[in-house]
Every structure is written in structure tokens, then in C-alpha cells.
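Q: So you can see what is in the structure, the chains are spelled out below.
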Amino acid sequence: MNVSLNWLRFLAPGVEGDAHALAEAMAALGFPVEGIDALGAELGDIVVARVVEAGRHPNADRLSLCRVDAGGDELLDVVCGAPNVRAGALYPFVPVGGVLPDGMKIRKAKIRGETSNGMLCSAKELGLGVDHSGILELRTDAAPGSPFVEAFGLAGDARLDVEVTANRGDLLSHVGVAREMAPRGVEGVALPRVPGGAEPKVELRTGEGAVEVDGITVSIDEPTLCRRFLGAVIRGVTVGPSPDWLQARLRAVGARPINNVVDATNYVLFELGQPTHAYDLATLKGRRIGARLAAEGEGVRTLDGEDRTLSASMLVIADGERTVNVAGIMGEDETAVSDATTDVFLECAHFEPRSVRTTKKALGIQSDAGYRYERWVDPTGQERAFRRVIEVIVATAGGTVHPVAADVHPDPWTTPRLSLRRSRVERLLGVPFDGAAVAGLLRPLGFVVDEGDGDTLTVDVPGWRGYDVTREVDLIEEVARRYGFDRFPDRAGPFRPTTVPDHPLFRLEDDLRTLLVGRGLFEAQTPAFVPPTEGDVHLSNPLSQEEPVLRRDLVPSLLRRVQRNLARGVRDVRLFEVGTSFRSRGPGEAPAEETRLAVAITGRRRPEHWSEPDEALDLRDLQGLLAALVRRARPGARVEPGFVDGSRLMPGEAFVVRDGDAEVGFGGRVSPDALDVPPWAGAVLALELALPALPAPSPDPTARALPAYPAVERDVALVVPGAVASATLVEAARSAGGPLLDGVEVFDLYEGEHLPEGTRSIAYRFRFRSPERTLTDDEVDRAFRSIIARVEEEPGVHVRR
Amino acid sequence: MTDVPSLVKQLDALLAEALGEVSAASDGDALEGVRIRYLGRKDGRISGVLRQLGALDPADRPAVGAAANRVKARLEEALDEAAAALAAPEDAGRALDLTLPGREPWSGGRHPVTRVMDEIYEVFRDMGFSRARGPEAETEWYNFEALNTPLDHPAADEQDTLYLRDSVLLRSHTSPVQIRTLESHEPPIRILAPGWVYRRDTYDATHTPAFLQVEGLVVDEGISFVDFKATLAEFARRMWGPGTRIRLRPSFFPFTEPSAEVDVKRVVTAPDGTTSETDWLEIMGAGMVDPAVLDAAGVDSERYTGFAFGMGPARIAMLKYGVDDLRTFFENDVRFLEQFVPGGLR
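For the record, the sequence lines run as chains Z and S.
Last residue of the first sequence: 803 (the numbering used here), numbering continuous.
Last residue of the second sequence: 359 (the numbering used here), numbering continuous.
Honestly, the hints are just simulated from the structure, not real lab data.
Wrong hints could be hidden among the right ones.
[Unchecked claim] What follows is a list of derived Cβ distance ranges for each label pair:
{"#": "1", "chain 1": "Z", "residue 1": "Pro-534", "chain 2": "S", "residue 2": "Phe-349", "range": "25 to 35 Å"}
{"#": "2", "chain 1": "S", "residue 1": "Glu-90", "chain 2": "Z", "residue 2": "Pro-712", "range": "20 to 30 Å"}
{"#": "3", "chain 1": "Z", "residue 1": "Asp-370", "chain 2": "S", "residue 2": "Glu-315", "range": "15 to 25 Å"}
{"#": "4", "chain 1": "S", "residue 1": "Thr-287", "chain 2": "Z", "residue 2": "Asp-79", "range": "56 to 66 Å"}
{"#": "5", "chain 1": "S", "residue 1": "Thr-287", "chain 2": "Z", "residue 2": "Arg-423", "range": "36 to 46 Å"}
{"#": "6", "chain 1": "Z", "residue 1": "Pro-503", "chain 2": "S", "residue 2": "Phe-349", "range": "55 to 65 Å"}
{"#": "7", "chain 1": "Z", "residue 1": "Thr-535", "chain 2": "S", "residue 2": "Phe-349", "range": "46 to 56 Å"}
[What the hints assert, rightly or not] Coverage of chain Z stretches by chain S, computed from C-beta distances (three or more under 8 Å per stretch; other residues unrestricted):
{"#": "8", "region": "164 to 177"}
{"#": "9", "region": "424 to 431"}
{"#": "10", "region": "471 to 481"}
Don't be surprised by glycine CBs; every beta carbon is placed ideally from N, CA and C.
Chain S on its own, in the form it takes in the complex (with noise of 0.2 Å):
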């Protein structure tokens, strides 16, 4: 049966199927599958249609074949659209090179020494520590006799002080805190003292007449020689990985008792995985809280025990990032200030 209206009506019904087609269509091979079924100039299914316009009343062909153009038209238009969209992602990549660097903002970073601080207060933090702190300007009473170091003894030599004037001076180490926070609060006290300290020391690769230190101190009822050694192993482990071990080797500060120099030792990663240890490195001085500084700061030293230990965050700065000079800290080149940035820089 031919006639114009069936004929019209066949066109609309396969481009309704096409048009399905098309957008079902994922890619131009797909797309290219559907143009060859339908507009194929040998098989193409409208190009069938169109081969039955011979049957028909003269007439009537020229309402058919501008039927069967439309139908046509949309079709191909639908091919393009739809071809267009397959690939618009790459045309946008020829209008914009996005290769070309975006708009960053500047970056800052904490000092590296900060860095280590913090790290070291985050640790003993997640072990119970607050921070405490004190002025810097301190009296030879806080800073040498209260802690057990009579002026007279060799001791003092160790640390030699910077005065302001007679029996005022800047403190040595923040060990004054220490004694201040015992004044002041009652045990149970786990207390972590950062700041500033200064010695009359000539700047070299090795030293600066003023430095940060970072103090702990422990006191309560049964605090031993081994609560002091576990926490800082776990110390240690927190730190620098949990294979790190520690060493203490006795030593001598007049404020502990028995007293310790601790060593750390860390296992390394090699860049092909094979792990090995390091050295025994020096980190701190530390050892159980003299009797004598308890009772000077009015703490029973019969009911009540207690650890401290003292380290210096810019040396831990040096082994862990490589650093051969302390007084590169104190420089403040921004080219090395800027290789602390967490990521790097771009």
C-alpha cells in the first residue's frame, strides 16, 4: 500500500527509531552505525522509502519528498548534535590550554624547629601532658637553687648564665617552670615546659647563646624508674617510628636522681626497602626528680615521685632534616624557610 499519508507516516515512525538510536549512541562508531542504517544511500532504511516514490502519483511526489526531506534534515541534524556532544570535551581543550599553571596563592609555613615542637607536644599530649610556661627572666633561686645546683658547685659551671644583674638572669634551661608549676598546683602534675632559654654560648655550627628547649615533668604518687623509662620509650616510638628504641646511660644533673642521658635509635627505610638502624643519637637529658626540688618547692618527697627530662627541638631539627648548622635557623633565608612547607612548593 502506497500512498502519501502511509508513506509520511512510515518516514515519521523511523525517525522516531532513529532519533532513539542516536542518543542511546556512547561513541562516533556507534553514531556512524546508525547514519549507515538509516540515510545509507544503498541500504539506508528512509533511502528505502524514498525508492517507493516511484509508485506514486506524480502528483503526490513532491509532498513526500519534502516530507522525506525534513525527516532527512532532523536526522542528520541529530547526528551532528550528538557527535558534537561525544567530543566537546576536546574542543574545549583546544579553546583552553589547561596545562598552562593555575592561580595559586602564596604558601607560608611554621619555622622547622616549630615544626618539631609541635610534633613533640602532640605526643605527649596523646599521653596526657599540658603545657606550662614562665618567664625568662628568672632569679638564681629558680634556676639554679631550688633545683639542687648550689652556685658553688661545678655544676653551675655547665651552664654558664647570662646575667641581667646580681642573682637576676635569663634562664638556662625551663627547669624554673618546673619549680613554679610544683608552687602552684598539686600533684597529680604531667606538664610539658617549651620556651625560650639562653647560655653564654658563642654562636657555631653547634651552638646559639639562646635556643628553645622543651621540659617534661611527671610527679605524682608512684612514679618509678620505670614509669620514667616506659614513658619515654613510648616517647620515642611516637616520635620516630615504633621500631625506635631508646638507651639511658647514666649521668649526672644535680635536679634528678638517679639521672640519664637518653639515646634513640630508629630504623630507617632505604629507598629500594630495606630497613637498617642507625646510630645511638643523643636526645635528652632526663632522670627522676631529686628529692631535695620537691621538698624546695613544698612537695612531700616521701609520698610523692617523679620524672623529668629536657630536650633541645632545634638539634631533633637538625638530625631530621638534614640541617649541619643551628644558626641556619636563625637566618630566616625565605629559599629555606620555604622547604619546610608541607607538599613543597610548586
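Next comes chain Z alone, as it looks inside the complex (with noise of 0.2 Å):
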């Protein structure tokens, strides 16, 4: 919302201090300041010129050479590149020597062989709106040579940029930010006359369904949507464009003027911020208007230009045979007010936000006027508005309105009453208030308080702020805003611990980072949304067609930065995610979400060093760290030589982690065919683990004794076929070492020359102890030559010689 300064005084001459004062106030208020625009200021070289004679440029068919009279004494020769130029009028102008907004000195020139001494200006070179369609005709009495911020009306204004809540519907106006502006709120705002203007001579003729007027039937078939329409009739207008005033006041909060009568409507809107809509009366048809829903598919053109079209929940304005207005929202193309028009039919309603808001939203359009109206408009603010826009548009356009006005009111408005605990304003807000503060802080917004003589009291809530304030707390809202948070208190209670445990599965979450940080790998992050082939969660209104689902697995989303690093020349990564995996439960049912853990590792296994050569992270350093991160995460659970299908590892080396039956994660080399990576880049591992939904605590451990006694060790190299798993060998050694077997190591492998085709050499040591007493030689032997003999049976294994 663009607030004018001048407009803003206009309203409550008692408004102080400058622009940078009040945004500063008002963002204490609730509604920050995005920016000023001071709007005169920089325009101090800018004069007001009268074109006496505009002549073709002898070189230059698009161009004019004027004679300008600048309120020196002689005329200027100037060339002028405007199609609108024309002798007689007066227009913004810069000398030479002088400089527009944008910082642009004016020099004497040459153009196309004729001197130009200077530069008659367009609204937009001016920094006053978008309109670079011709320069900027003024009308003004303001005598040539008189400064332009002057004659304007722009002298010392400023464009504010409000930010105004979704609440505050009753900010949407100057005289709403008059409100809350002004040093006596509502006591200190008035609605003086605008110049040429007054009190419009015309009478309400109030019905509840329909009400003629002028020969002109105006009703409302939907009460519920439509709590009041006010109609007038005005004849004679002469259209045309605005006087300067009103096209300053427009321009200062960014407006574009389009002829007096609109314009009139668009002044209300910002001043009051009540939407109207003025209709070239011969136009319509049927000689009736009202508000009733569209019929289903009907069509209308509106002022955009767009061809919509309407479905039967849909309010609109229609005249005898069609709809002219998407009501609250946007006019129609056809029954416009033009420059041929001279009768005007005036329309000021009130209609329902939530139906306004549904239906804008259906049909996708912003304006001014549904803004509003979604945001509530003061049901007790049609009459005032609807007189002031007949005010504006006689003073501007002439014309006469019709004596009797048509006022259909079905529903008129009960103010509300509120009750406001004292004790329960204290209560939430921390600090003592009595009575009297409280209402001292109200009225000014204008509240009509009754102090009663308890705890209790009565509030009645102005139209304006019916649809925010509807509750006691909505006024505890109010006392507070106004009273000022800088003036609450900062101190500390105490306070009662919390009945709600911290979630464990964020321990676990940290525990995890810790662990993979303290390897050496980075943390990263990544949004959940990927390609269609990525996931079965599918967003009905995504963002981009190319990543329209949510992520089943994280490692894709993991191996796309792997590439993005090595495609940037970073040969060592380590990355790990915590993430959420989507996975659809079928339709009508919420996504399963799972909390998962996936890492991606590529390039060097220790940094470089200069006393050993490089070594590539290989498939062994990835199966350990899944193996560390299993039992960590998801104690009980096994890591199993296997293969999960769609996990873009390269099956036979790759590996599956069971939990129970559950398959909870998978890890191994990521298939070449999966990536895309320079040639260059070493074996990519990837693993994935989901996380227990709830953790478990894990048990405390059980401190033992340490060993009493020494280890015996003994090591046998076997050469085994690689039929045979490494596993099935120590698990066999376990089982025939007996109690006295105290661990199994692999220390060596060795494949190649001296072994039959086939087999691989593995040395083990095994050993021995016992909690009790020394070991014999004799007792471990025995026990070694049992494990021999054990691991000896199973096919093709025997111990290397």
C-alpha cells in the first residue's frame, strides 16, 4: 500500500515529523515502511512551460520544434520527440543546465540540425508513474517559469511503501493510516472537501431487495454475499482528463490517471479504501442492475482485456441481460466509462471476503478493488465513500447527479460488542492496566469503550476493524500494539520443566554426524524434490516438471553433488546426508516418511602425503564404515553380502543391511553406469540406512574384568576355494575352538603364483585364553588342531604349506 505524505496530512493535519519520522512510527505500529520515495525533491529543476508554437522539425518528420515560453524573457527553441505535443499548453520542463531524477544533466544540443534548449518531460521521466506515452500535459494556472512541484501539488510529498498485514484490511487507506497516525486517532482525521467540490445534493431511497431510481431498477438477489448496494445516476459528465490535484494524488502513490470519472473512483479507493465503479449508463441494459450469481459458463470480457469465464458460484454485478462486473473484483470491457460517455451509473457495495477471495482466486486476477474487499472493507463505510466519489466526479467531470440514490441494504451491519477482561489483559500481557489505560489506548483507534465498574469492559468495534477484532484477545492485541512492545519488560521467570522428552532420534541424529565428521566426511543437504524416476510421491502442484516427486531414496540425490564436485575438478568427497525418504502407502493414505542416513565417498583414502603413495577408497573402506553405522544405528541389525534392487550399486559388490526380515539399507560401489563422472574419478561407494523411527536407548554396558591371564596366538595361512566364505570358515573355527577360542582374525590374504587356479590363501590367527589360569602348550595345541581339523572338512580347504 502507497501512502501518500501529502494525502496522509490532508486527512489529519495534526500528523507530524517527516517521512523517515513516521515510518519509523508505524513500523513500531505494525505496519513497516518498505521504502520512501520523496517525490518533489528531486525535481527542484523542473518549471512549468507553456508550448506557444509547435512547429515540424524541418529534418525529422517524428519530431516538433516548439517555441517554449519557460518565463524567461525570450522564448526557448526546443525539440520535442512526443506525438501529443501542441501549442497553447503547458507541460513540465527542464532547462538546460538542469537535471531529472535519474541524474541526467540537460545540455543545449544539436538535434537533427536544430538547437533544442532544453526538455519538456514525460510522467515517467519524471519519476512519476509508468506513462512514457507522450509528455505529461498540465493542468494548472501556475503561470510559466513556476517551479513544477509547485503547480503540481507534489511539493514536499513522499511515496511511502507500506507493508500492511493480512488482518488489516483497514490500513488499505489513507484515511485508515490517518487512524493510526494522527495524535488524536479518529477525533483527529477529516475528510475536507476536494477543490471544486461539495456536499452532493442527493437522497438515499433504502430498500432491501430492490429500489428504483432514475427509472433504474437496482437490487441484490444474494444478501449473504451482498450486504449493501448503493447506486446513483449522473448526467452530463464531460470525460476527460483529471485536473492536476488529482492527478498528483494518484501519481504519488503510483497510479496511473485515466480519465476524470475513473479517476474519482480510483481517489476513494486509496483515500477511503472503499472500492466503486462508475458505468457509462448507456450501456447497460434492461434498464436494471444488481447483484446475483453468474450463471454457469457464462463469458465475460473484463477491463484486462481477458476473456473469462464465470461459474455459478460466482457473485457478479449484471445488468438486464448479462454481467458487467465480476463483482468486487474487476468491471467489464463494454459498459466502461469512455470518452464518448455522458451519463454515469455509480455502484458502491459491500460485498463478503471469503466469496470475493474464492472467486479472484478462481478466476486469477489482482486489482485494487478485490485486494480490498478480501481483506474486508468497512460495512460502514459505503454511504461516506459513495458521496465522495460524487463529490470527486462533479468537481472534475461537471454533470449532475440524479437527486435520489438508490440504497439496497439487506443486511445492514450490528456493530459488534466485545467484553475485555482487566484481569485477563494482565494476565497475558505480564503488566498491571487499569481500566482507564486500557481504554485510553482503544479509543483512539475508535473503540467505544464503557469502563463499567468491575473487571469487565464493554467494547464496541468500529466497521472498520469488524473482521480482525472479534475477540477479547483480538483486544488484548490492540492494548498491546498501542501501548508499545519496547515498553514490555524483558525479565526472565522461572519456569517448570517440560513434560515432553527430547526426541531420541535426534540424539541418534547427532550421534551419527559425530561419528561420520570425526571420519572425515562433510554433512550435506539437499532438497527432497527429484525426478519422476526417483520416487512414487508425487506433488500436484510442483514446482518444475523435472523434479515433481519427492525423494524414496537419498543416495541419487547425494551422487548428483559427488558429480557436481568432480565435474569442478574436487577429486576427494565424502559426503553424508540426514534426510527424509517418501514412499507412497497407496492412494487416500499420507506417504510412509522415513528418517535416513546415506553417504557417498570417492577419491583418495588419507590425504596426500609425501612418505607413501595414494591409495583409492575402495568397497573395504565402505563396508567397514556401514558396519560401524549399523551398530550404532540399528544394533541387531546384519550387513549381508546382497543387492537391493534400484540402489545403483554394482551387484557382487554390494551389500544389504537386515533388520529381522526388514531390509533397512544397502551399500557398495556405485555402478559406473549410474554416474556420470570425468574419467579420471576413482570407484564411487554409496551406502543408505534408515534410522529407527524411535530409537531405543541403548543399554548400558557391563563393565568385565579384564583378562587375568596371557593369550596364546596361532597362525594358519589356508588356502581356500572361492566357493568357500570366509565366514563359513570362522564360524567353523568358533564352533570347534571351544570356550577357550577367544577371537579370530584375518591378517593376510594372498592370491595368485603358488596356489591352485582358484583359490586364495587367507591367514588367520587365532587366540587362545582362559579366564583361569595360564594355557598349556599342550591345551592349546589340542585346541588349535581340532579348529584344523574342522576347517580342513570343509570342500577343497586345507591349511597352506
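With the hints as a guide, bring both chains together as one complex.
A: Laid out in C-alpha cells, this is it:
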């Protein structure tokens, strides 16, 4: 919402301070100012000038050569490119040496051989709007040479871009802002006559369903959607450009003047926040107009030139034959006021916010009127706004208003009355307030307060706050806001411990981060949106067709980050992510969600060091990492060789994690087919592990006494055929070794020369120990021999000699 | 009295005395002093003894000479050893170049936004908050209606929402966790709800359609606007330093009333030690819990009051670490992530 400082002071002369001081006060009241434009400040060099002669430029068809009276002793030759320049009219003019708001300095110039001593300006060049179709023709009495900002009514003006929250429709007008900013609130706000304006001589003829005036029937078919409809007929208007004061007002708030009748409605929109609409009376058919529901499929071309199709739930204003306005949102094209219009029908109505919002969303129309109606327009403000528009139209376009106007008013507004407990105010706000203090804060905003004599105050809510102030707490907010948030102390009181335990999954996530960071991995974050092949939970309104689904696995997103790093020449990439996986549970169900941990690594095992050759990360690094993560995240789960479909891993170089029967993770070497990486990149390894939804607290470990007796070790190298898994031999050894076998380690693997084809040599170290005594060589030898005997029962396995 | 046994005895006594001085010597100069005192050609005490050789029977001279040589050799050896021991560190330095870099393991690091989330949690944990979580795919009820946000109110526009299908959406804030917690727990409630939220925003420097949020909720008897302001002021001081101030500006959120935008002003210290205050920076939205929210969750809004707040750790991370584009946090370029390793890389 753009606020003009001059307009604000016009309504509330008591408002003091410059734009910056006001902006600070506004922010403290809850409507911060996003930007301030000093409207006149950069226009000090601009003067009013009269074009005395406008002739063709001898060397250019599109240029005019003008003789200009800029207040000096002599007329100036000025070249002008605007199509609308004409002799006798007044325009803003920059003399040689003057500067435009954009910093451009005007110099004496030869344009196509003719000297130009200055420049006639468009509204855009002056920073007064977007209009660049021609130079700005002034409608002022000011003499040539007088300062433009004075003549145009911009002196001292500033445009404040005020941010208004969705609950404060009442602030979408100058009068609304004035109520908050005037020193005495509502009492300090008035509505002075506009230049040439007079109280319209019009009487209201009130009825509930339909009212006829001047041969036209005005009606409301849907009183729940249209509370009130005022209609007036103004005959004999002269449609044309608005006078400068009106243009200046509109330009000051960034609106484009159109013609005096339309400008009058826009003026009142910005001044009072009440949308109104002017129709060309001659185009209305059937001598009637009213609010009704649209016919399903009915078409209308709105003022923006778009053809719209309406549905039966949408409220429209229609004449005897067709829709002439999408109620409260945008008028129809043919019935709009044009230069040819002489008789006007003026509408001023109140529409229900939800219905306006639904229609405007369905049709996709943004308009100043719709924006205000959906945020609530004062249901008690129609008559004042109606009279104000008539005042402005008659003052600027002439014409005569029919002495009787229609006032269809089926559902008059009843002022809401609320109870406000002083004790509740104190309880919620934490500081004492007496009744007079509460009343003193509310009354300037237009609330009518009866202090009563007990704890409870009675408060009548003004119409413009009827939508957002409906409960006691809404009043308490107003008390706090007007008291000033800055004035509340900030000393902390005691607190009681929360009943909510810290969710254990946060702790697990945190432990896993610590574990992985300690192993040299970096945490990544990626959004959950992925290409269609990577998930089955679809967004119904996706941001892009490239990423319309939510991810099932995290690894693909992580691999894309690995690729990006590799593409930028980063060779050592070790990333992990903790994130959410989504899986469809079928139609009608919310998707299943799971918090998961994913890892993707590639590059060297250790940073380069001068003492040793580089080693690349390989499958065994990933395998060990997976085992460590599973132990921490899912105690009891097993890491087994195995391939999970869709995991992007190499079969034969992949593991699956099982917890009971459930597959809860996978890991291994990423298939080169699933990657787009430079040829120099090493193996990429990845894993993904679902975390339990509610991790059980890890049980306290029970400390065991350290061994009192020494261990004895025996090493053996076994020749093992490829078909026999090491894990099988270890298990066999454990079963044969009995209680004395304390541990088994693999300490070497050899494949190659001197071994039978298809076999390898695995070296094991067996550790024997008794908790009760030092073992004798005999005992150890016996146990070791039975282990050897047992493992040699496996097909093809024998001790290597 | 000059005879062989007494001279040998004198020599041994001198040796013992000299060895004691050698072991007491703490530097090269002291050792050189010992050498001169005992072995010096002119005044050395051992040399002095040897000068008495002339008084001996020539047949006895070799025995004493041998003893003298033994003593001299032993003392010289001791002096050399002591000198070597004193010089040892320098010798080792010549053998191993200790300026060559050592073997370091890889460094890793938490994501910068996680670091900020951790900090936020630690501050609130110290003020008695625990963490709660909830689903990211939510119903309209939990995301809007239970939070006093009718879908036909313009306030619903401010968070353009991503839907999965009718009435099921990706939560646009973590506030649904507040409702779920109020439904499942009795006050006193002091929780933090960190998590991913989603909005229909296209990617640019200050918007991403998915981002992390941290919200907080306090509900108990007697919680007032003063508690609300005090808690946030304390948070700001602990997060940004004791000189930090907060400013509350009235605002509007459907689920809080009164509502406020919270700005902070930090004190920064320049390299020359002078301090100054930053501009006000908006860091969160907050307010007293609207009674309609408590009622919707089945909490007696006459008996209990509370406050809630929400902030974006990625935006705080931008300010804190001088990152000017939110998208950088999603690129996960290792060279960016490395910059957040505590203590830095070598």
C-alpha cells in the first residue's frame, strides 16, 4: 500500500514529523515502511512551461520544433519527440543545466540540425509513474516558469511503501493509516472537500431487495454475499483528463490517471479504502442492475482485456442481460466509462470477503478492489465513500447527480460488542493495566469503551475492524500494540520443566553426524524434490516438471552432488546426509516417511602425504563404515552381501542391511552406469541406512574384569577355494575352538602364483585364553588342531604349506 | 710423599671428583671448564699429578703413566658423552626434518546450517527446552486450520503451499508439531521443533522451496508477554553475545496474538578493538499463542497461556557466515563445506 505523505496530512493535519520519523512510528505500530520516495525532492529544476508554437522539425518527421515560454524574457527553441505536444498547453520543462531525477543533466544540444534549449518531460521521466506515451500535459493555473512541484501539488510529498498484514484491510487506505497516525486518533481525522468539491445533493432511497431510481432498478439477489448496494445516476459529465491535483494524488501513490470519472473512483479507493465502479449508463441494458450469481459457464471480458468464464458460485453485477462486473474484483470492458460517456451509473457496494477471495483465486485476477474486499471493507463506510465519489466526479467532470440514489441494504451491520477483562489483559501481557489505561489505548482507534465498574470493560468495535477484532484476545493485542512492545520489560521468570522428552531420534542423528565427521566426511543438505524416476510420491502442484516427486532414496541426490564436485575438479568427495525418504502407501493415505542416513565417498583414503603413495577408497572402506554405522544406528541389524534393486550399486560389490526380516539399508560400489563422472575419477561408494523412528536408548554396558591370564596366539594360512566364504570358516573355527578360543582375525589375503587355480590363501590368527589360568602349550595345540581339522572338512580347504 | 700407590690413589680421587663435575655441568661452557681444570696442559690438576712422575723411580714410572692414561681417557670419554648428550636434540634435528608435514587424517564437518541449528538448540536446551518432531507430509488441518488459519483467509496466501493431493500437503512450517505436541502432552510444554518445511517458492538467492526451520513453543499457567520477550531476549544474548538487543515489532500471524517480528542488533568488535552495533536484522516471527490454537488442540485456553516463535537457520547462517546466496547451502561443494571445519583445514 502506497501512502502519500501530503494526502495523509490532508486528512490528518496533526500528523507531524518527516517521512523517516513516520516510517519508524509505523513500524512500531505493526505496518513497516519498505521504502520511501521523496516525490518532489528531485524535481527542483523542473518548471512549468507553455508551448507557444509547435511546428514540424524540418529534418525529422517524428520530431516537433517548439517555441517554449519557460518564464524567461525570451522564448526558447526546444525539440520534442512526443506525439501529444500542442501549442498553448503547459508541460513540465527542464531548462539547460537542469537535472532529471535519474541524474541526467540537460545540455544545449543540436538535434538533427536544430538547437534544443531544454526538454519537455513525460511522467515517467519525472519518476511519477510509468506513462511514457507522451509528455505530461498540466492542468494548472500556474504561470510559466513557476516551480513544477508547487504547481503539481508535489511539494514536500513522499511516497511510503507500507507493508500491511493480511488482517488489516482497514489500513489499505489513507484514512485508515491516518486513524493510526493522527495524534488524537479518529478524532484527528477529517475529510476536507476536494478542490471545487461540494456536498452532493443526493438523498438515499433505502430498500431491502430492490430500489428504483431514475428509471433504473437496483437489486441484490444474494444478501449474504452483498450486504449493501448504493447506486447513483450522474448525467451530463464531460469525460477527460483529470485536473493536476487529482493526477498528482494518483501519481503520488503510483497509480496511472485514466480519465476524470475513473480517477475519481480510484481516488476514493486510495483515500477511504472503498472500491466503487462507474458504468457508462448508455451501455447498461434492461434498465436494471444488481448483484446475483453468475450463470454457469457465462463469459465476460474484463477491463484487462481477458475473456473469463464464470461459474455459478461467483457473485457478479449484472444488468438486464449480462454480467457487467465480476463483483468486487474487476469491471467489464464494454460498460466501462469512455471518452464518449455522458451519463454515469455509480456503484458502491459491500461484498463478503471469502466469496471475493474464492472468485478472484479461481479467475486469477489481481486488482486493487479485490485485494481490499478479501481483506474486509468497512461495512459502515459505503455512504461516505459514495458521496465522496460523487463529489469528486462532479468537481472534475461536471454533470448533475440525480437527487435520489438507490440504497439496497438487506443486511445492515450490527456493531459487535465485546467483553474485555482487565484481569485477562494483565495475565496475558504480564504488566498491570487499569481500566482507564486500557480505554485510553483503545478509544483513539475508534473503539467505543465502557469502562464499567468491575473487572470487565465493554467494547464496541468500529466497522473497519469488524473482521479482525472479534474476540477478547484481539482487543488485548490492540492494547499491547498501542502500549508499545518496546515498553514491556524483559526479565525472565522461573519456569517448570517440560513434560516432553527430547526425541531420541535427534540424539541418534547427532551421534551419527559426530561419527561421520570424525571420519572425515562432510554433511550435505539437499532438497527432497527429485526427477520422476526417483520416487513415487507426486506433488500435485510441483514447482518444475523436472523434479515433480519426493525422493525415496537419498543416495541419488547425494551422487549428483558428488558428480558436481568431480566436474569442478574436486577429487576427494566424502559426503553424508541425514534426510527424509517418502514412499507412497497407496491412494488415500499420507506417504510413509523415514529418516535416513546416506553416504557417498570417492577419492583418496588419506590426504596425500610425501611419505607414501596415494591409496584410493575402495569397497572395504565402505563396508567397514557401513558396519560401524549399523552398530550405532541399528544394533542387532546385519550387514550381508546382497544387492537391493534400484540401489544403483554393482551386483557382487554390494551389501544389504537386514533388521529382522526388513531390508533397512544398502551399501557398496556405485555402478559406473549410474554415474556421469570424469574418466580420472576413482570408484564411488555409497550407502543408505534407514534410522529407527523411535530409537531405543542404548543399554548401559556392563564392565567386565580385564583378562588376568595371558593369551596364546596361533597363526595358520589356509588355501580356500573361491566357493568357500571366509565367514563360513570363521564360524566353523569358533564352533571347534571351544571356550578357549578367544578371538579370530584375518591378517592376510594372498591370491596368485603358487596357489591352485581358483583358490586363495587366507591367513588367520587364533587367540586362545582362559579366564582361570595360564594355558599350557598342550591345551592350545589340542584346540588349534581341532580347529584345523574342522576347517579342513570344508570342501577344498587345507592348510597352506 | 711420592710413591706409586699414593699417586694412583690421587689420580682416582681426581677422576671421581671430575666425573661429579661433569655430570653436574649443564652446558658446553661448564664442560669446557671441567676439561681445563683437570686436563689443561699448564694448570690441569691431572697434569699436575703427572709432573710428579719425575720424582719416581724410572721403573715405577710406566705403572703410574698407565694409570694416568686410563684416568685421562675415562674423563675424556665422560666429557665427550656429556657434550654429546647436551647436543643431542640438535643432532636429531639434522637426522629428521621435523618441518615436513605430519600425517593428518581427513577432516570432515557438519553442514553450516546444522551448526546453526545445533547452536540454537544448545541455547534453548539450557533454558529447559526439549526437541519434538512430526511428519513432513501433513494434513490441512494440522498445517492451517488447527493453527487458526482458515484456508479462505488471505493469510493462507502468504505461504503458498505444495500439495500431494487434496488436503494432504507438505508442511509449510513446523507449527503442526506444536499441535501434535499439545495433543499428546500436558503442560508445562517447552519444546523446539526443528525440521524441513516446504513452500512453493522458486529458487533464488533468498528463497528455496525446501528449507529448515526451528520453531519453539511454551505453554504453561501464567506465561505472559513479559516471559515471551524475556525468553527471546535471553536467546539473542546467548546466541549473539551479551550486548545483543532485541526489538519486537507488531505483526500478524494467524496462530499467535499478539504477534511480533523479532529483530536483533548485535555488538561487533572491529580488528582494532572498537565496538559498534549492527543494523537491526529480522530473525524470527513470534507471538503469544492464540487461544483458538490451544482450544483446537484441546488445551484449556483460560487456564494456560503460552508463546511460540519460528526462525530459519539457513538465513541466520547467511548472516553469521557471510553467505550471500541460499542456494550455496544446497550445492554441497566440498570447497565450501571445508570452510566450516572448526579450527580450519591445514
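Q: Does each hint hold? Answer for all of them.
A: Okay, the hints, checked on the actual structure:
1. Z:Pro-534 - S:Phe-349: 25 to 35 Å: 29 Å, holds
2. S:Glu-90 - Z:Pro-712: 20 to 30 Å: 42 Å, violated
3. Z:Asp-370 - S:Glu-315: 15 to 25 Å: With a Cβ separation near 41 Å, Asp-370 (chain Z) and Glu-315 (chain S) fall outside 15 to 25 Å, so the hint is violated.
4. S:Thr-287 - Z:Asp-79: 56 to 66 Å: Given range 56 to 66 Å: holds, Cβ gap about 59 Å.
5. S:Thr-287 - Z:Arg-423: 36 to 46 Å: Given about 51 Å between the Cβ atoms, the range is violated.
6. Z:Pro-503 - S:Phe-349: 55 to 65 Å: 36 Å, violated
7. Z:Thr-535 - S:Phe-349: 46 to 56 Å: Check failed, 28 Å falls outside 46 to 56 Å.
8. 164 to 177: holds (count 4)
9. 424 to 431: holds (count 3)
10. 471 to 481: Held - the region 471 to 481 of chain Z has 5 residues with a Cβ nearer than 8 Å to chain S, which meets the minimum of three.
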